[in-house]
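A.B. asks: This is what each chain is made of:
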Amino acid sequence: MATHFKRKGKRLLGIDRQSAIRFFFGGNAMISILVLGAICLFLAREAVLFFPQHQRDLEVFRLTGQEYANFVIEEMDEFTEVKSLADQAFYQEMNEAYGIQRGLVDCYGALNDRLFDNGEDLIDELEDARDELDDADGEEEETLAQADLDGIQSEWDDFLRAELGKADRKTIDSFGRLGEKEWQELLDAMASWDPVEDEPPALVNDAKAEMTKGMAAFDAARMQIGSAGSELARLRSEIIKITTEIKTEAVADMSSAARKKALLEGSVNAATEEARASLKAQAEAITIRENFPYSERIKALEGSREKHEAAVTSLKSGMQAGVAALPTEFASTEVETLVSRIRERTPGLFEYLDTSLKESADWRYDEPVSWLSSVSSFFFGKDWVTNSSFHDFYGLLPLFTGSLLISIIALIVAIPFSLGAAIYVNRLAGPRQQNFIKPVIELIGAIPSVVLGFFGIIVLGEALRQTSQLEWLSWVPGFPMQERLNILNAGLLLALMAVPTIFTLCEDAINNVPSSFTEASLALGGSKLQTVMRIVVPAAISGIFAAILLGFGRVIGETMVVLLVAGNQIAIPDFGLGVGVITQPAHTMTGIIAQEMGEVTADTIHYRALFSVGLVLFTISLLINISARRIIKRFGLAA
Amino acid sequence: MNPFKSSSSAQKTKDGLLSGFFALLTYLILGCTLFIFFDIAKKGLPVLMPVFSEKGGEVVDLDFLTRMPETLVDYTDENGEKQSLASSDFIEYTKANPDAVIENKKTNAYSGGGIAGPLVGTALLVIVCMVVALIVGVAAAVYLNEYAKQGRFVGMIRLAIMNLAGVPSIVFGLFGFAFFCLFPLPIFTMIVNEEKSLAAIPMFGGYLSFQGWGNSLLAGGLTLAVMVLPVIIAACEESLKAIPKGFREASLALGATKWQCIRTAVLPYATPGILTASVLGVTRVAGETAPIMFTAAVALKGKLPWQEADGKGIFWVSDLLTDSVQAMPYHIYTVAARIPRTDATAAMQDGSVFVFLLMVMTFASVSIYLRIHFRKKLKW
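Those sequence lines, one after another, are chains A and B. With the first letter of the first sequence counted as 1, position 459 gets the number 459 in the numbering used here; the numbers rise by one all the way through. With the first letter of the second sequence counted as 1, position 220 gets the number 220 in the numbering used here; the numbers rise by one all the way through.
You may find that some hints are simply not true.
As the list claims (entries may be wrong) - List time: in silico BS3-like cross-link candidates among lysine-lysine, alpha-carbon distance up to 30 Å:
(1) B/Lys82 with A/Lys170
(2) A/Lys633 with B/Lys376
(3) A/Lys260 with A/Lys241
Hints in this document: simulated from the structure, not taken from any laboratory. Since this is a predicted model, take the numbers as computed values, not measurements.
Kindly produce the complete structure, drawing on both the sequences and the hints.
C.D. replies: Here you go:
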């Protein structure tokens, strides 16, 4: 049977059959390297192209003076934040100090609307009848008209009584400001209400007067603060208009060569002689300038600096007076905190205005933009604004903060649960429980993220909001929540998604602790739990740490849950709220790619910006993986 | 101190409390999961089986599974009752009853009809993905386990696989979009897209055009395949490792070549493992949304993919593969995120989520069962 040992001799290009098969398998194994390389290549290519393009974009931003406008815009934004605090405090104070009065005024308004809506025809008739009576000549006509009027009047009275009887306190007084007594008083007062004169009853008028009087000082201060910024606001819209015009022109100029070429081509191919001539004329009308005269056009901004300075000075003085005029005693501590926040923020705002003013004074339109600022304005830029009529910003910071906050919350929730479960399953539970718990936890890992996101929108969001509105939970920071879709909601769902990853790896790590450790501890008289907590967990800590790292990688790369549930508001959450920051909506790196990738054109700066975000995500995931692997390797654990 | 003295009662209480706490944490996780399952089933089951709904009805509503998604029209009829009909039914109804009273008519995109299109699309995506991923994955696992010696090359491959496993799915989506959709890859087509095509070679009465695949079944399937590759490789390798060395040695000692050995003494015994790997892969792939969002999926399509494909032979296949599809996860994303939830639209949302979850969970349970089963059974 010597043939069996004979090697097959067929060769192709010096490769025999066995090596060919070997190469086939090897080649398939290499695909993973190729894919990883291709991912790096494609992401890096767009990112590398992004930064020069971004630099040019910033250059235009500066040359057109939009950067200067941005100083004013940001100053205005900062001011508006403080101003809205004042408005918020004002309305809250009004609700708390004059709740009943405001309730009366509002309920009167609601009743009035309802009566006019439902009794429109009747009111018209009533008015006509009265006019008729006024116009009536002679006694006979008068009696007729009077009889007519009486009929309608009684009809109206019946209608009014019926309507007032029907009126439901809960729907009319939706904020629950009125007590049963006030509500009855209002209804009684309304019983003699006349729709033609449409005058509120004395009760309501008194309430209104009382409220206005009581709130007058606060209102004046609030209005003073509000109007302090009017000069800056005017300047803002003026500068935006000027600079946007320059930009539109400059952009048109940049594409003029391409436009001219297209028109000329079109004129050659046009169907009729007429169209050909008109296209050609259009093409010739376009002059291609080598350089757009920025220095010429930027002169339109002349005088803005003086105006800017004056506007900031007037804002500061107006605001100082307004803040000083704010009352000092309030109906509740909440209003007090709000007002004290205004007071606290005012010096900071002034400081900001001063620095901004100084920076804007040093601003030059022709200062070159370095590539470094292109990089730093991507990584540390505070705005991500696209498709804007003013200027598009590509700043990673709000997205990165959102991703990080959500991941941290997910981990904070997931770690104790997964670790506890891993300890329980591996050391405390019997085999029957193990065989049941492990597969179920594994099953969690298979729940599609879009389903969890859906659950977050429909069930968890509503449940969280209702919980947050409970009276006895109002001490929790951030409660009651404004939004159903927020960081907390997304974090909780992601925690569930991270549990299988962290649990499985933790369980492995705990399982790998040599049994001699446990035996030694038990032999020394340690109880089971003492052994677990003081021997097993510390011995497995590096594996647990690797598990947490990989869990973090899983969470920060998750897309659908955050896209559906995080609220998609592109702004750095307000850390001024302390822990309450988690009840705010946010946007994430993964979410922005999923949301905007579908609508961008290839090779635009926006497209490349999204790829750069992808590269950041990719790098983070690589770093996490490599460090987790290092840890596992160093401490000799089987992954 | 007496080492054999049983622990103090204080220590015992502490131990008991702590174990109770750990058990509580564990069962809380399970409780949350079961609650999600029950909640989705409670809302979704009546859509599929109207007999469980408040109104009652047939035992199984197959329409939901066999119809394409459509716009939903809801309106109030002459009795003031709220009605909702899929747009094609509505058109028929108004044709049949021209005098019917229709008030407060409102249309809701995507919320009528059924989910046949997304179901079929997901199935096609999974098939394309698994065919590719299994061939590459099994071959790679065979290489790593049977051929390769520990060295730099294998080290690099393992590093790449491990890193690939951690890449976020949306990044795969980006890569798939840039490579499979936009990069000028070749397709067979009758009509060359002049704008995109780099080169077109006349072939089989049509062209082999280098114009990229665009938003297509093939692009989505391959993106998913790339994503699931590490999972398949790891699972296959595990099953290959479980085969005793003796099998191979015996085969080689009898004079088999390496390939004969693999074919007859290794692969047959790895089949259960490969089966498990493929079910596991299906679970992963079917549930993913991010990689197909901009590589394959569209929100609305009028016909099933094979009804739309033109051409004959290879051109038909090519047309099928380079056409976009609907997919369950994307459909759910569309109806959950873009449509406000009302009484009329809730049925589509709940029903799709329920069917989808049921589908994925079935595959997941099967994969978990298979793995446990084979691990127990296949011990040599």
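A.B. asks: Take the hints in turn and mark each one as holding or not.
C.D. replies: Going through the hints against the structure:
For a cut-off of 30 Å, the pair hint linking B/Lys82 to A/Lys170 stands: about 26 Å separates their Cα positions. With a C-alpha separation of about 29 Å, the suggested pairing of A/Lys633 with B/Lys376 holds against the 30 Å cut-off. This hinted pair checks out: A/Lys260 and A/Lys241 have alpha carbons roughly 27 Å apart, not beyond 30 Å.
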